[in-house]
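Visitor: As a plain string of letters, each chain reads:
Protein chains: 2
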Amino acid sequence: MDKRISIVTLGVKNLAASRRFYVEGLGWKPAFEDKEIIFFQTGGMVFALFLRDKLAEDFQADPATFGRAAMALAYNVRSKNEVDPLMRLAEAAGATVLKSAREASWGGYSGYFADPDGFAWEVAWNPDWSLSADGSIHLPTK
Amino acid sequence: MDKRISIVTLGVKNLAASRRFYVEGLGWKPAFEDKEIIFFQTGGMVFALFLRDKLAEDFQADPATFGRAAMALAYNVRSKNEVDPLMRLAEAAGATVLKSAREASWGGYSGYFADPDGFAWEVAWNPDWSLSADGSIHLPTK
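Chains as they are written, first to last, in our numbering: chain P, 1 to 142; chain L, 143 to 284.
Any given hint could be a false lead.
Examples of chain L residues toward chain P, derived with CB under 10 Å [as the list claims (entries may be wrong)]:
#	residue
1	Lys145
2	Lys222
3	Ala266
Here are the simulated SDA-like pairs of lysine to any residue, each with C-alpha atoms no more than 25 Å apart in a straight line [to be verified]:
#	chain 1	residue 1	chain 2	residue 2
4	P	Lys35	L	Ala246
5	P	Lys29	L	Leu281
6	P	Lys54	P	Asp34
7	P	Lys3	L	Leu228
8	P	Lys3	L	Asp259
9	P	Lys54	P	Asp84
10	P	Lys3	L	Glu233
11	L	Lys145	P	Ala31
12	P	Lys54	L	Asp259
13	L	Lys145	P	Pro63
14	P	Lys80	L	Met143
15	L	Lys196	P	Asp84
16	L	Lys222	P	Ala104
17	L	Lys222	P	Ser105
18	P	Lys3	L	Ala256
19	P	Lys54	L	Leu215
20	L	Lys145	P	Asn81
21	P	Lys3	L	Asp204
22	L	Lys241	P	Asn81
23	P	Lys99	L	Ile179
24	P	Lys29	L	Ile179
25	L	Lys196	P	Ala31
26	L	Lys145	P	Asp34
27	P	Lys3	L	Ala275
28	P	Lys13	L	Asp204
29	L	Lys196	P	Ser105
30	P	Lys3	L	Pro205
31	P	Lys99	L	Lys222
Quick caveat, the hints were computed from the structure, so don't treat them as lab data. Idealized CB from N, CA, C, for every residue including glycine.
Model the full assembly from the supplied sequences, consistent with the hints where possible.
Guide: Quick look at the structure:
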């Protein structure tokens, strides 16, 4: 099995509210959308917002068992001074700030916000990780 | 804000068990690991397994509030006949099958398994989506 993730799908309660946040607020252009799902092309993968009852049905879960996800997504940037404006942009779009941006123990600078469904997003600058022109991120090789 | 996800981090209860599943079971080679976190380079992004108490601390959450994630990751393949062997590989590695692979309403073929922490992974073949040689996936453009 290769190392890859093709799609990250978040189960959302209200697709219109998620659309307002990601499309209108953050400015992400959908590649496809209907009444149940929105797909975004994010680099070499796909990010999806899907009605959570439909997602639950898809993997045969009871949506009543869903809770706060022990999961975080991160958006890494090229320079430290990009972090604060992005935290403000997310907040203006309706995000809840989980942790204001600050110096991190690992040598970078980062903050966290929660999207309308509470999914945690980190906005991070890591001086040891490089971003390509296309936004892809690369871990240092040993 | 560009459209991108730099890192997907799953909060896990037992890093050794997660390692057995992803590294030994699925054969994913870590780029970095210590006692708290394992990083994998997955195409142009990073996939991380992080002790869930540490992840909770990082975004100032109470880990007691964590529940089943309304979220799914997907691993897309190039041909329908790759799906069943991958479901069996995951099961042999200790995954729980959430939904056995079957024809999907959207024209493809897919199944779902849960990793040791219950995170849902779909193994999917979608005849309308193309995969590049490097494994990146591309939505049809309108």
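Visitor: Against this structure, judge whether each hint is valid.
Guide: Status of each hint after checking the structure:
1. Lys145: holds (5 Å)
2. Lys222: violated (15 Å)
3. Ala266: At about 7 Å, which falls below the 10 Å cut-off, the nearest Cβ of chain P leaves the hint on L/Ala266 intact, so it holds.
4. P/Lys35 x L/Ala246: holds (18 Å)
5. P/Lys29 x L/Leu281: holds (13 Å)
6. P/Lys54 x P/Asp34: Within the cut-off at roughly 13 Å; holds.
7. P/Lys3 x L/Leu228: holds (13 Å)
8. P/Lys3 x L/Asp259: holds (19 Å)
9. P/Lys54 x P/Asp84: violated (35 Å)
10. P/Lys3 x L/Glu233: Judged against 25 Å, a Cα distance of about 17 Å means the pair holds.
11. L/Lys145 x P/Ala31: holds (11 Å)
12. P/Lys54 x L/Asp259: Measuring from Cα to Cα gives roughly 21 Å; hence the hint holds.
13. L/Lys145 x P/Pro63: violated (28 Å)
14. P/Lys80 x L/Met143: holds (15 Å)
15. L/Lys196 x P/Asp84: At roughly 23 Å apart (the allowed maximum being 25 Å), P/Asp84 and L/Lys196 satisfy the hint.
16. L/Lys222 x P/Ala104: violated (44 Å)
17. L/Lys222 x P/Ser105: It is violated: about 45 Å lies between the C-alpha atoms, which goes past 25 Å.
18. P/Lys3 x L/Ala256: holds (17 Å)
19. P/Lys54 x L/Leu215: holds (15 Å)
20. L/Lys145 x P/Asn81: At roughly 19 Å apart (the allowed maximum being 25 Å), P/Asn81 and L/Lys145 satisfy the hint.
21. P/Lys3 x L/Asp204: Violated, at about 31 Å.
22. L/Lys241 x P/Asn81: violated (45 Å)
23. P/Lys99 x L/Ile179: holds (20 Å)
24. P/Lys29 x L/Ile179: violated (33 Å)
25. L/Lys196 x P/Ala31: violated (35 Å)
26. L/Lys145 x P/Asp34: With a Cα-Cα distance of about 19 Å, the restraint between L/Lys145 and P/Asp34 holds, given a limit of 25 Å.
27. P/Lys3 x L/Ala275: OK: P/Lys3 and L/Ala275 at ~13 Å, within 25 Å.
28. P/Lys13 x L/Asp204: holds (22 Å)
29. L/Lys196 x P/Ser105: holds (13 Å)
30. P/Lys3 x L/Pro205: The hint is violated at about 28 Å.
31. P/Lys99 x L/Lys222: Given pair P/Lys99, L/Lys222 is violated - Cα atoms ~43 Å apart, limit 25 Å.
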